[in-house]
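Chemist: Given next are the chains, with one letter for each unit.
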Amino acid sequence: NAGVTQTPKFRVLKTGQSMTLLCAQDMNHEYMYWYRQDPGMGLRLIHYSVGEGTTAKGEVPDGYNVSRLKKQNFLLGLESAAPSQTSVYFCASSNLETQYFGPGTRLLVL
Amino acid sequence: AQSVSQHNHHVILSEAASLELGCNYSYGGTVNLFWYVQYPGQHLQLLLKYFSGDPLVKGIKGFEAEFIKSKFSFNLRKPSVQWSDTAEYFCALGQGGQNFVFGPGTRLSVLP
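Those protein sequence lines, which keep their order, are chains C and X.
Counting from 1414, one number per residue, gives the positions in the first sequence under this note's numbering.
Counting from 14, one number per residue, gives the positions in the second sequence under this note's numbering.
Careful: at least some of the hints might be erroneous.
SDA-like cross-link-like pairs, simulated, lysine to any residue; straight-line CA separation at most 25 Å [what the hints assert, rightly or not]:
| no. | chain 1 | residue 1 | chain 2 | residue 2 |
| --- | --- | --- | --- | --- |
| 1 | C | K1422 | C | T1433 |
| 2 | C | K1422 | X | K62 |
| 3 | X | K62 | C | A1415 |
| 4 | C | K1470 | X | E33 |
| 5 | X | K84 | C | T1511 |
| 6 | X | K62 | C | R1457 |
| 7 | C | K1427 | C | T1467 |
| 8 | X | K74 | X | G41 |
| 9 | C | K1422 | X | S27 |
| 10 | X | K62 | C | T1433 |
| 11 | C | K1422 | X | A100 |
| 12 | C | K1484 | X | S31 |
| 13 | X | K71 | C | P1452 |
Hints are computed from structural coordinates only; laboratory data are not their basis.
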């Protein structure tokens, strides 16, 4: 039982490049989330999903897209990376009561 | 809209000192409350949670929190901190599903 896993762990991008972050959970949770964590700002919700095939915007969705084609996977895409997207990205899944977090992806956009 | 505030940005304590981190929330309905801990370079881990019942909740590693409904507070306490408690602590409010709101975090530094 791995819980929530994220790939990659670290990535460096140039401005304008695209990439996809993968989140996987093996707890059969319906809800999944993508957050970004920036110093002094806590966690901010980017997008979330309440089930396979559904996605919704969170607090800071601009510049990101998501897909939930399979229940266990939640993908976060950056179509054209910007330096403002330099951050640590955390995925989480939930059983409606408690969130469980992945180890994070550190992204640097130059 | 619901919100969570944490009073202290950075707390510095010596080992064996007592700890209390403040958390206040803004929401009029029934809420679930959480404290998460993030050790340096790691992901968030659940310390404890309150859903209902006894307002004094005990979590892992000797932490506890008290829910005071009249004050909209959920403060985290530990009677005697250790160097290994150095971390960032996040208070969060949940209503199930998509409605999880996190506070800005409190950084705790414990001096040996």
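Chemist: For each hint, tell me whether it holds in the structure or not.
Modeler: Going through the hints against the structure:
1. C:K1422 with C:T1433: Given that 25 Å is the threshold and the Cα spacing comes to 12 Å, the pair holds.
2. C:K1422 with X:K62: With a Cα-Cα distance of about 28 Å, the restraint between K1422 of chain C and K62 of chain X is violated, given a limit of 25 Å.
3. X:K62 with C:A1415: holds (22 Å)
4. C:K1470 with X:E33: violated (35 Å)
5. X:K84 with C:T1511: holds (23 Å)
6. X:K62 with C:R1457: Given pair K62 of chain X, R1457 of chain C holds - Cα atoms ~20 Å apart, limit 25 Å.
7. C:K1427 with C:T1467: violated (30 Å)
8. X:K74 with X:G41: Cα-Cα ~31 Å, so violated.
9. C:K1422 with X:S27: Violated, at about 33 Å.
10. X:K62 with C:T1433: violated (32 Å)
11. C:K1422 with X:A100: holds (20 Å)
12. C:K1484 with X:S31: Roughly 43 Å between the alpha carbons, so the hint for K1484 of chain C and S31 of chain X is violated.
13. X:K71 with C:P1452: violated (29 Å)
Of the numbered hints given earlier, the model fails hints 2, 4, 7, 8, 9, 10, 12, 13; all others are met.
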